[in-house]
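Number of protein chains: 2
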Amino acid sequence: MPPNSDFRVGKQQIEEAIASEISMGSTNLNFIQTDLIVSGNIAYESGTYSLEIKPKDQETVKDYGKYIVIWEKQENGKWLMKKDIWNTSVPLLVQ
Amino acid sequence: MPPNSDFRVGKQQIEEAIASEISMGSTNLNFIQTDLIVSGNIAYESGTYSLEIKPKDQETVKDYGKYIVIWEKQENGKWLMKKDIWNTSVPLLVQ
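Which chain is which? The protein sequence lines are A and B, in order. So for the first sequence, numbering that gives the first Met the number 0 puts the first residue at 0; every next one is plus one. So for the second sequence, numbering that gives the first Met the number 0 puts the first residue at 0; every next one is plus one.
Next up, chain A with everything else stripped away, as it sits in the complex (with noise of 0.2 angstroms):
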């Protein structure tokens, strides 16, 4: 459930996703989980994210932000990550 995106559902449209951040020149990517709760067969997670976007011959950008995850366990035991949802806490500019 990316910024600035409809839903991307299915491993072709999240594999397309990611592919495309990259290609925008995302890099150094990182997470702070705070929080991850079980409770039966959905966990939730949260956090922090920070990365840097290194466009083409332009300066690096920084971005930061938080994010939820679910996870459902499936039945032959193994955690999907069924929803992924973040924002950047940078500021807007108001110009």
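Don't read these hints as lab results, they were simulated from the structure. All C-beta atoms, glycine included, are put in the ideal place defined by N, C-alpha and C. Take the hints with a grain of salt, since some may be wrong.
To be verified - Computed far set for chain A versus chain B, every beta-carbon distance over 10 angstroms:
id, residue
1, 12
2, 31
3, 77
4, 82
As the list claims (entries may be wrong) - With a Cα cut of at most 16 angstroms, we get these calculated EDC-like pairs of lysine to aspartate or glutamate:
id, chain 1, residue 1, chain 2, residue 2
5, A, 81, A, 71
6, A, 82, B, 83
7, B, 82, A, 14
8, A, 82, A, 14
Unchecked claim - What follows is a list of derived Cβ distance ranges for each label pair:
id, chain 1, residue 1, chain 2, residue 2, range
9, A, 55, B, 28, 34 to 44 angstroms
10, B, 80, A, 3, 20 to 30 angstroms
11, A, 15, B, 77, 38 to 48 angstroms
12, A, 56, B, 33, 37 to 47 angstroms
Here the structure of chain A is known, so what remains is to put chain B in place on it, guided by the hints.
Below, chain B alone, put in the same frame as chain A:
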């Protein structure tokens, strides 16, 4: 967990954040819930939102996006909105 802002934690900060949104001219807020999954004392909800922003003396801007809310059942049986995050689906203007 509003966009372009740090975490807002506690009743006072959340009330201030909502008052700030309203003072900027946010109106006609609508939600469409697409998922509500309950597992024990935890539930998550996701869906889409739309709203209009009518800044004073400026044209109305439409915003729409997606959200996840985490609910936590309290000892008194009531559900507390534990976390709330959203982001816009409006494409970035590339200049």
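Comparing the hints with the structure gives:
{"no.": "1", "hint": "12", "result": "14 angstroms, holds"}
{"no.": "2", "hint": "31", "result": "12 angstroms, holds"}
{"no.": "3", "hint": "77", "result": "17 angstroms, holds"}
{"no.": "4", "hint": "82", "result": "6 angstroms, violated"}
{"no.": "5", "hint": "A:81 with A:71", "result": "6 angstroms, holds"}
{"no.": "6", "hint": "A:82 with B:83", "result": "14 angstroms, holds"}
{"no.": "7", "hint": "B:82 with A:14", "result": "27 angstroms, violated"}
{"no.": "8", "hint": "A:82 with A:14", "result": "14 angstroms, holds"}
{"no.": "9", "hint": "A:55 with B:28: 34 to 44 angstroms", "result": "39 angstroms, holds"}
{"no.": "10", "hint": "B:80 with A:3: 20 to 30 angstroms", "result": "25 angstroms, holds"}
{"no.": "11", "hint": "A:15 with B:77: 38 to 48 angstroms", "result": "42 angstroms, holds"}
{"no.": "12", "hint": "A:56 with B:33: 37 to 47 angstroms", "result": "41 angstroms, holds"}
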